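S.K.: If you read the sequences in order, they're chains A and B.
Just so we're aligned, residue 71 is where the first sequence starts under our numbering, counting upward by one.
Just so we're aligned, residue 541 is where the second sequence starts under our numbering, counting upward by one.
It is worth saying that the hints were derived from the structure and are not from the lab.
Hints are not guaranteed to be accurate.
To be verified - To list a few chain B residues with every Cβ distance to chain A over 12 Å, as calculated:
id : residue
1  : 548
2  : 555
3  : 556
4  : 573
5  : 601
6  : 619
7  : 622
8  : 630
9  : 636
10 : 654
Stated by the list, open to error - Sample of chain A residues facing chain B (criterion: CB under 7 Å; computed from the structure):
id : residue
11 : 113
12 : 119
13 : 159
Since this is a predicted model, take the numbers as computed values, not measurements.
No residue lacks a Cβ here, since even glycine has one placed at the ideal position from N, Cα and C.
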Amino acid sequence: AQTVTQSQPEMSVQEAETVTLSCTYDTSESDYYLFWYKQPPSRQMILVIRQEAYKQQNATENRFSVNFQKAAKSFSLKISDSQLGDAAMYFCAYRSAASGSRLTFGEGTQLTVNP
Amino acid sequence: KAGVTQTPRYLIKTRGQQVTLSCSPISGHRSVSWYQQTPGQGLQFLFEYFSETQRNKGNFPGRFSGRQFSNSRSEMNVSTLELGDSALYLCASSLVQGSTDTQYFGPGTRLTVL
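Please put together the full structure from these sequences, using the hints given.
M.R.: Following this line, the structure appears as C-alpha cells:
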C-alpha cells in the first residue's frame, strides 16, 4: 500500500519570504500522480499544484512550484513571495494511475504566514 | 460553472441513528469520491463511484455505504452511528475516473455524533 509522509506538522514564514514544505511517499508503482492541496480555515480543499510522475519537469503554478525527485520519492512544495492568504493546512496526496480517483493523503503541514 | 456542493453542511445526530449525506458534483463530472477527515486519522478514503457503480472502497466497516444516481449525484449513508463517526465528510468529483483529471472538493459536511 502506498503511504505519504509529511514530516513537518507546522511551519511558519514571514510575508514575502519563501517557504518549502516537505513530502515523501512510498510506492512500488511507476505511474502515478502527486498533488498538493490547501485547506484554509473554511475547510474547503483547494488544489494547489499537480505533478505527473512520468514528467521530469517540475510543475509550476504562479508562486507555487514543486521539486519532484522520483528516485528519492520526494515531492516538496515551494511557496515564493508568501502572502497572508497562503496560511492554511497543506496536504500532499498520491494517486495511483491504476486505482481510479482514490487519493492517499499525508498528515498535513499547518502553514502560518507572519506579517 | 458551479462547484461541488454538499448538503447538509452541518449535522448533529445521536449514537445509534443513521445519517445520509448528499453530494452534487460539478456539472459533467462522472466520478465522485468520499473522504472522512478526523483530527486523529487525518483524511481517509471511503469510496468512489463512477457511472453509478462503486469502483473503489476504503477500509471502513459495512455501516458506511453509498450510491450514485444517473445524474452523478451521490449519497453516503452511515448506519448505527458511533461517537467515532464524528468527522468532516468531504466529497470530490472529477470528470472521468482513472484519467489524469484532478479531483475537486466540496465544502464538506460536519457530522457530530452525541
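S.K.: Please list, smallest to largest, the hint numbers that this structure does not respect.
M.R.: Of the numbered hints, 4, 8, 9, 12 and 13 do not hold.
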